[in-house]
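As given, the protein sequences belong to chains X and G, one line each in that order. Take my numbering: the final residue in the first sequence is number 109, and no numbers are missing along the way. Take my numbering: the final residue in the second sequence is number 461, and no numbers are missing along the way.
Treat the hints as calculated values from the structure; they're not laboratory data. Be a bit skeptical, because a hint or two may be false.
Straight-line Cα separation of at most 25 Å, PhoX-like style, residue types lysine-lysine; simulated pairs [claimed, not checked]: (1) X:K20 - X:K72; (2) G:K187 - X:K2; (3) G:K167 - X:K2; (4) G:K272 - G:K187; (5) X:K2 - G:K272; (6) G:K272 - G:K220.
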Amino acid sequence: MKYALLVHQSQEHFDRRNDKAAVSAGRAYAEALQAAGVFVAGAGLDSPRNATTVSIRDGKRQVHDGPYAETKEFLAGFGIIDVPNLDAALEWAARHPAAGFASLRYVHC
Amino acid sequence: MSESVTHAAIETVAQDSYGRLIAYLAARSGDVAGAEDALGDAFIAALRRWPAEGVPEKPEAWLLHVARNRMIDAARRKQVQQKSETFLQQITEEAASVAATQEYFPDERLKLLFVCAHPAIDPSAQTPLMLQTVLGVDAARIASAFLVSPAAMSQQLVRAKNKIRDAAIPFRVPEPPELEERVSFVLDAIYAAYTTGWESLMETASTHHALASEAIALGRTLTQLMPHEPEAHGLLALMLHCEARREARYASDGDFVPLDRQDTALWSQSMIDEAETHLHSAAGFKRMGRYQLEAAIQSVHASRAKTTHIDWKEIALLYEGLVRIAPRIGSLVGRAVAIAQAGEPLTGIFCP
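With these hints in hand, go ahead and build the complete structure from the sequences.
This is the structure in structure tokens:
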């Protein structure tokens, strides 16, 4: 089963992502995923300040700046993991070193 | 064989084995709704064929065999993934071996209980899911006990079952350290079946609350499946103690009678005895918990039938423990009352 692991962080946590400790914890986590053979894909995301939104209204494309983070925590990265079941996915999600919270979605494929 | 005898035989199997059959089928396919449909078809086939052919020697194995074929057919129709085919192959083999031997098929109800009370399932769906899958309680009855429309209830149940299947919530008994918390979810969901009845009791002024016996049946099942879990015994003891006083709770004019003024002659001594036996077994494990404490408080009240007085100091002490483990408003109030009754009202009010 493939699950999308959506990692949400606070601004404070996000700002520390390039600190030495955060970088090494992130690397260790990625290596653990690889070693367990469950890693499919994943990436950290740039700040929501630099996000661009496209919406389609009446067949017309509208592009605008944002979204700005309105909530305390925002989507900061994602991963796709291939594990036997939800409990296994929850284990991995709970081990993520920088997640304020993480949500899991089953990936249809 | 006469039709009524066959129907009685089918009813007996349904009553004794429904939850075990569903659990067995669902644990292998990961699909609760699919297991229910298949077993439903198997019961229909039994109603059609048993009157003419006679009740099979091993009715459960017969039903399992038919249900398994239905699941394979359904899977083929849906052209499901390779993985599900493997599960079904496994069921085929296991069902064949069940039919061939005298042994009973494995009991997977504990795994089913953990799935129903999985934290990924909507909390309000957990108890209904247990009642429906483990005991086979009719969805309309569950809806009326929970005071929601049958349509809303079945929608909630369908959603929960879809999530179990699609998100692949595993049929497993969790291991420590996860186990303790997960057991508490199962206990809470069972207790909710008992207390839900209390709300409908207020609404209908009936002396019997809707799901009490089902909740106790679930509690009994859990003590059989987890004989070494003290809180399972504690929960069953608590429910039995409360249920023992059903006849004494209302006066003939319908007025509520507080516990300390109830006529103890109306209490069910056999239920009290059973509750005490479970509380005693729980104590043997030397691991205290919320349900054991609550049951112990009820046990002190129950002893009034013999001693004619209530040991409020003892009750206050038990509440003290309960407040530490589960500081809820109910236990805080209970502690204050017990301390006041024990003759130390100021402490009862002012001590946090």
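We went through each hint and held it up to the structure:
Our distance criterion of 25 Å between C-alpha atoms is met by X:K20 and X:K72, whose separation comes to about 24 Å. Distance hint between G:K187 and X:K2 is fulfilled; the C-alpha atoms sit about 20 Å from each other, no more than 25 Å. A hinted pair counts as satisfied when its Cα atoms are at most 25 Å apart, and G:K167 with X:K2 does not qualify at roughly 40 Å. For the hint linking G:K272 to G:K187, the alpha-carbon distance of about 18 Å falls within 25 Å, and the restraint holds.
Restraint check: the Cα-Cα separation between X:K2 and G:K272 comes to about 15 Å, which is no more than 25 Å; the hinted pair holds. The straight-line distance between the Cα atoms of G:K272 and G:K220 is roughly 16 Å, inside the 25 Å bound, and the hint therefore holds.
Hint check: a violation occurs at hint 3 only; the rest are consistent with the structure.
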